[in-house]
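Please construct the entire structure, taking both the sequences and the accompanying hints into account.
Quick note on our numbering: the sequence shown kicks off at 1 and runs consecutively.
If you're looking for bench data, these hints aren't it; they were derived computationally from the structure. Among these hints, one or two may not hold up.
What the hints assert, rightly or not - Capping the alpha-carbon separation at 20 Å, the derived lysine to any residue pairs in SDA-like fashion look like this: (1) K182 to N146; (2) K179 to Y159; (3) K225 to A190; (4) K45 to S135; (5) K168 to T49; (6) K225 to L28; (7) K179 to L162; (8) K185 to S24; (9) K232 to G188; (10) K73 to E22; (11) K182 to H67; (12) K232 to V27; (13) K69 to G209; (14) K174 to N52; (15) K225 to P21; (16) K69 to K185; (17) K232 to F64; (18) K179 to R194; (19) K179 to I106; (20) K168 to V27; (21) K179 to F50; (22) K69 to F149; (23) K69 to P111; (24) K168 to G209; (25) K168 to D206; (26) K185 to Y76; (27) K225 to T47; (28) K104 to K69; (29) K174 to L221; (30) K185 to N38; (31) K179 to K168; (32) K104 to E198; (33) K179 to G209; (34) K185 to T65; (35) K174 to P163; (36) K164 to P148; (37) K225 to N38; (38) K104 to G173; (39) K73 to L28.
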Amino acid sequence: MKYPKILFLFVFIFMNSCSYPEISRDVLIYDNDFESNNFTEIDGKATSTFNNTTVLGDFNNDGFTLHLKNTGKHDYVFISFDLYIHGSWDGNLNGFPENDKPDKWIMELDPNMDLIKDTSNDRFVTTFSNSVCYSNYCLRQSYPENYPFENNPKTGSNYTDLPKKCEKSFFGGKTTLYKIEKSFKHSGNALVVRFYDELYQPNAIDDFGENQSKCDESWSLDNLKVRVISYK
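Next comes the structure, spelled out in structure tokens:
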């Protein structure tokens with residue numbers, strides 16, 4: 001029987017003919033922990049102190065934009081950061097009987113250029129939930145997947161039950177930390193990244209009629225890094 005030898009030879013040739021692309025460039029082009037007040041590349045700067053560190057934020061129906069020039073030739077971009085989800089985020093559903101909406105968090109490459117890009121590949125849209133989760137009540141989130149995927153609250157988190165953003169307020173709740181890295185196919189010599197949210201809080205009003213949206217739900221970001229990779 002010569003078949004086993006022939007099969008082995010075929011597999012050997014096939015395996016050796018398959019090769020992975022070789023990385024020609026792997027460079028960290030941006031690294032900011034926001035402790036040195038360097039915000040040259042950031043629009044929408046807002047800083048605060050949380051958990052004994054300086055963070056960007058907190059944001060509520062708002063965000064910031066990172067502008068990087070002279071990135072050099074690259075095929076992919078990797079973006080990593082610490083994301084703090086403050087308060088009573090409700091995930092995919094807020095539980096209201098009418099006109100219900102999710103609590104979305106969005107990262108978008110090259111915003112305002114929808115006519116010349118594939119938005120399905122240049123945008124990460126997800127939701128977060130700090131809700132409790134019981135058999136009869138559970139406001140689920142999408143992260144670490146894209147919206148509208150369903151996961152239990154706090155799925156993929158690194159730390160839970162961190163301090164409230166507004167410690168003395170009735171509104172809001174504890175904070176959850178996510179350490180996130182996302183990759184995108186990208187080229188060119190410049191990069192623009194927009195980080196923002198779309199929160200739905202029709203009941204974030206106190207007894208005096210004052211809006212408490214920011215204490216109710218917000219987010220902050222820290223340790224932002226951007227890496228570019230090229231292949232031969």
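Right, here's what the structure says about each hint:
no. : hint         : verdict
1   : K182 to N146 : 12 Å, holds
2   : K179 to Y159 : 9 Å, holds
3   : K225 to A190 : 15 Å, holds
4   : K45 to S135  : 41 Å, violated
5   : K168 to T49  : 16 Å, holds
6   : K225 to L28  : 7 Å, holds
7   : K179 to L162 : 14 Å, holds
8   : K185 to S24  : 16 Å, holds
9   : K232 to G188 : 16 Å, holds
10  : K73 to E22   : 15 Å, holds
11  : K182 to H67  : 17 Å, holds
12  : K232 to V27  : 15 Å, holds
13  : K69 to G209  : 45 Å, violated
14  : K174 to N52  : 16 Å, holds
15  : K225 to P21  : 24 Å, violated
16  : K69 to K185  : 17 Å, holds
17  : K232 to F64  : 34 Å, violated
18  : K179 to R194 : 18 Å, holds
19  : K179 to I106 : 15 Å, holds
20  : K168 to V27  : 44 Å, violated
21  : K179 to F50  : 16 Å, holds
22  : K69 to F149  : 34 Å, violated
23  : K69 to P111  : 15 Å, holds
24  : K168 to G209 : 18 Å, holds
25  : K168 to D206 : 13 Å, holds
26  : K185 to Y76  : 4 Å, holds
27  : K225 to T47  : 17 Å, holds
28  : K104 to K69  : 28 Å, violated
29  : K174 to L221 : 16 Å, holds
30  : K185 to N38  : 27 Å, violated
31  : K179 to K168 : 27 Å, violated
32  : K104 to E198 : 5 Å, holds
33  : K179 to G209 : 36 Å, violated
34  : K185 to T65  : 19 Å, holds
35  : K174 to P163 : 5 Å, holds
36  : K164 to P148 : 27 Å, violated
37  : K225 to N38  : 14 Å, holds
38  : K104 to G173 : 18 Å, holds
39  : K73 to L28   : 13 Å, holds
Going down the numbered hints, you'll see the structure goes against 4, 13, 15, 17, 20, 22, 28, 30, 31, 33, 36, while the others check out.
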